[in-house]
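Single-letter residue listing:
Number of protein chains: 2
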Amino acid sequence: MTTTNASETQIIADPDVPLVRIVREFDATPEQVFRAHSDPELIVQWLGPRDLTMTVDHYDCRTGGSYRYVHKRDEEEYCFNGTFHEVRPSELIVQTFSFEGFPDSVALERLMLEDIGNGRTRLTATSLVDSFEGRDAFLASGMETGVREGYERLDELLAR
Amino acid sequence: MTTTNASETQIIADPDVPLVRIVREFDATPEQVFRAHSDPELIVQWLGPRDLTMTVDHYDCRTGGSYRYVHKRDEEEYCFNGTFHEVRPSELIVQTFSFEGFPDSVALERLMLEDIGNGRTRLTATSLVDSFEGRDAFLASGMETGVREGYERLDELLAR
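Residue numbers (the numbering used here), protein chains in the order written: chain A, 1 to 160; chain B, 1 to 160.
One chain only, chain A, in its complex shape (with noise of 0.2 Å):
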């Protein structure tokens, strides 16, 4: 028998497209982690690993909005932006976005927010690329390691 941990944060290479799928369940409402992805004051307390410092140069998180910050660490700073295609409150997000590094590498992202009852939500993320080996890279680089820590940090940011 298998048990799974629901806070356990699942990351999947789709066997059939160039896309990563994360589910993660929070123990809270599609609301409040819906504005823990759109309030500027809120995701620099989150999204990330530990030890980079997130700050915000814009963040307009509504249909036809767009964003850009960076992250980091000592001299390094790793600087990201995309735009908002569709906001749904406390549902969807759709946004593109890229890392400054390799501008050319844009990805598709959606955030599907579910309500599953007793105030806990289901967080649905994908991440759509246009090639295998660009997927599969991203995969490689560590990546589990932020988006894991930061769910961790929401987890502790929505417990307060």
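No wet-lab data here; the hints were simulated from the structure.
It is possible that part of the hints are untrue.
To be verified - For the chain A half of the interface with chain B, some residues (derived, Cβ under 7 Å), not all of them:
| # | residue |
| --- | --- |
| 1 | P18 |
| 2 | I22 |
| 3 | S66 |
| 4 | L108 |
| 5 | A125 |
Even glycine gets a Cβ: it sits at the ideal position worked out from N, Cα and C.
Please arrange chain B on chain A, whose structure you already have, making use of the hints.
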């Protein structure tokens, strides 16, 4: 021996990823072809088949901008919208695209313009979606006619 008409529109379904690639050459400079794609007063004159009338709701073709337009035929109305992830004048437009009838089917599109000498330009446009079924339904929808006819109209506009 195969002869290829350089102004023939090639529409290719990628065998590995759910992407459509369109290649077309134009008897105009990259600057002219870019302007016809980014200026709303020009784009309404050629985008889509001849029997549809296009009106622009907004068309803010710059990095971080967004757009929405409507195609009309008698009583039928088709609305499309998206965001511009990145715009590099005369070179590249990366944008999202959705038909409002199927808002959850979002495509990530890339338009590349290449100077091939003698005042001519090669356009390569790709459209990436998250499933082969979605890509193949798009190809089966009659989009080929609209694309080919649109580029013939663009030829005419560029020749004026």
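Unmet hints by their number, sorted upward, for this structure: 2 and 5
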